[in-house]
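Asks: The chain contents come next:
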Amino acid sequence: MAVRSRPLSPHLGIYRWQISNTLSIVHRLTGAGLCVGLLALTYWLVALAASPVRYAAAAGFFASIPGLALIAGWTFAFFYHLLNGIRHLFWDAGLGFERTQRRVSGWLVVAAAALLGAATLLLFWHR
Amino acid sequence: MPSLRSPLRRALGTGSAHTGAAHWWAQRVTAGALVPLSLWFVVSLLLLPDLGYLTLRAWLAAPVSGFLAMLLVAVLAYHADLGASVIVEDYVHTPGARTATLLVLRGAFLLAAGLAVFSILRIAFAAPNP
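Here the protein sequences line up with chains B and C, keeping their order. Once you know that position 71 of the first sequence is 316 in the working numbering, the rest is easy, because the numbers rise by one and skip nothing. Once you know that position 79 of the second sequence is 164 in the working numbering, the rest is easy, because the numbers rise by one and skip nothing.
Since the hints were made in silico from the structure, they are not lab data. All figures in this text were calculated on a predicted structure; none of them were measured in a lab. It is possible that part of the hints are untrue.
A few chain C residues that don't get close to chain B, going by computed Cβ distances all over 10 angstroms [what the hints assert, rightly or not]:
| id | residue |
| --- | --- |
| 1 | Arg142 |
| 2 | Leu153 |
| 3 | Thr186 |
| 4 | Ala193 |
Derived Cβ-Cβ restraints for the label pairs, each shown as a range [to be verified]:
| id | chain 1 | residue 1 | chain 2 | residue 2 | range |
| --- | --- | --- | --- | --- | --- |
| 5 | C | Val120 | B | Arg344 | 20 to 28 angstroms |
| 6 | C | Leu196 | B | Pro252 | 33 to 41 angstroms |
| 7 | B | Val281 | C | Val114 | 33 to 41 angstroms |
| 8 | B | Ala357 | C | Gly199 | 33 to 41 angstroms |
| 9 | B | Ala295 | C | Ser91 | 52 to 60 angstroms |
Even glycine gets a Cβ: it sits at the ideal position worked out from N, Cα and C.
Working from the sequences, and respecting the hints, build out all of it.
Replies: Structure follows, in structure tokens:
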């Protein structure tokens, strides 16, 4: 099949950037990041099932600077994807499509995800 | 909302992507299931006294938490595969490369789900205090 270059939509070059499309893109990015997080969760469970030595190695990685950065990223990504996913489910039910509702719910998701992510990380590291 | 599809199309179940609404619907159902499951997981980890080896193994060996953790990783892997396949279908246009990417991702998520479930079962059915 011949691959021809076709016009792409939306035309990103002239697209007016707004909260709706930004959050949509972030939803995808966080989803892709959480897919990698699932692999990390699997590694953690496999290590836990294997032996205390393997678990210590896994726990050591997640306590290192890159490990902690990944956990922080996955925590914020998780809450964002969860809350924005609920927003999508409301849309699928036909609710919340008005312009003001869309914008308010979008900013609410961002604020709540930041708050819940920060609170969870604080509770984790100050238990 | 009245359906915009003809009775024949509804019977055949095919949409513009020629696969029907099954993929879309499965993504929503798994999303709905993951809301309580994933929140339970995060809250449970926060409520544990520590994340040490023995604490976590005791937690996953308990019937309810072990079972819910298994459900979580299984549904999570399914939802991840559904979402990742949508991204691939949007950006990988060459038919061969698209199928190959979809298969590799499906294999990876199936492997992850299998390993995670097997690990939880190993912990749940391990001899006490090895």
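Asks: Decide, holds or violated, for the assertion that all CB atoms of chain B are farther than 10 angstroms from the CB of C:Arg142.
Replies: C:Arg142 not clear of chain B: closest Cβ-Cβ about 7 angstroms, inside 10 angstroms.
Asks: Taking the Cβ atom of B:Ala357 and the Cβ atom of C:Gly199, is their distance within the range 33 to 41 angstroms?
Replies: holds (34 angstroms)
Asks: Quick check on a hinted range of 20 to 28 angstroms for C:Val120 and B:Arg344, using CB atoms only.
Replies: holds (26 angstroms)
Asks: Measuring Cβ to Cβ, find out whether C:Ala193 lies farther than 10 angstroms from everything in chain B.
Replies: violated (7 angstroms)
Asks: Examine each Cβ of chain B, and state whether all of them lie more than 10 angstroms from the Cβ of C:Leu153.
Replies: holds (13 angstroms)
Asks: Take a look at whether the Cβ-Cβ distance between B:Ala295 and C:Ser91 falls inside 52 to 60 angstroms.
Replies: Holds - the Cβ-Cβ distance for B:Ala295 and C:Ser91, about 56 angstroms, lies within 52 to 60 angstroms.
Asks: Beyond 10 angstroms from every Cβ of chain B: is that where the Cβ of C:Thr186 lies?
Replies: holds (13 angstroms)
Asks: Starting from the range 33 to 41 angstroms, see whether the pair B:Val281 and C:Val114 falls in it by beta-carbon distance.
Replies: violated (23 angstroms)
Asks: For the hint 33 to 41 angstroms, verify it against the beta carbon of C:Leu196 and that of B:Pro252.
Replies: holds (39 angstroms)
Violated hints, listed in ascending order, are 1, 4, 7; each of the other numbered hints is respected by the structure.
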